[in-house]
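When we follow my numbering, the leftmost residue of the sequence shown carries the number -7, and every step to the right adds one.
Keep in mind that the hints were calculated from the coordinates and are not lab data. Among these hints, one or two may not hold up.
[Unchecked claim] In the DSSO-like style, the derived pairs of lysine-lysine whose C-alpha atoms are separated by at most 30 Å in a straight line are:
no., residue 1, residue 2
1, LYS20, LYS131
2, LYS132, LYS20
3, LYS39, LYS20
4, LYS39, LYS132
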Amino acid sequence: MFIGEAPGADEDRTGVPFVGRAGQLLNKMIAAMGLSRESVYIANVLKTRPPNNATPTVEEAQLCAPYLHEQIAIVAPEVIVTVGLPATRLILQSTDSMGRLRGRWAEYVGPGAAGIRVPVMPTYHPAYLLRSYTPENRKKVWSDLQQVMARLV
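Could you put together the complete structure from these sequences and hints?
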């Protein structure tokens, strides 16, 4: 399961997450893992596009969190890959920076006494990679995805 932050203009228009430029890169990332887009579940923290495509606030994320928790419970993924800081912070209930969180396994604990536990790999958002596409960032994300692939074997 991949979790991003919010729908963009293309996603808002189609109702499908990650269909714009960032989605095209995410598709390539998924394919590089030997998976198909159809074999993974993709969700966003926010279910509607924020005004002016703004980064979701903590308050907005918390308002949408019950819907995301329900999606996770229904899908029951083997692994969650959070892409970007807003999704990572919400799923891990952390205020750490992306630099401190990405590339390290963590755990999602669902709400309630019987909350499910799922390993989480935080990584950079594809939109960030499109803006800051360097060999170093590419290697970091590929390393993150390789860790996920090893966990899924």
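These are the hints, each one checked on the structure:
no.	hint	verdict
1	LYS20 to LYS131	14 Å, holds
2	LYS132 to LYS20	15 Å, holds
3	LYS39 to LYS20	24 Å, holds
4	LYS39 to LYS132	28 Å, holds
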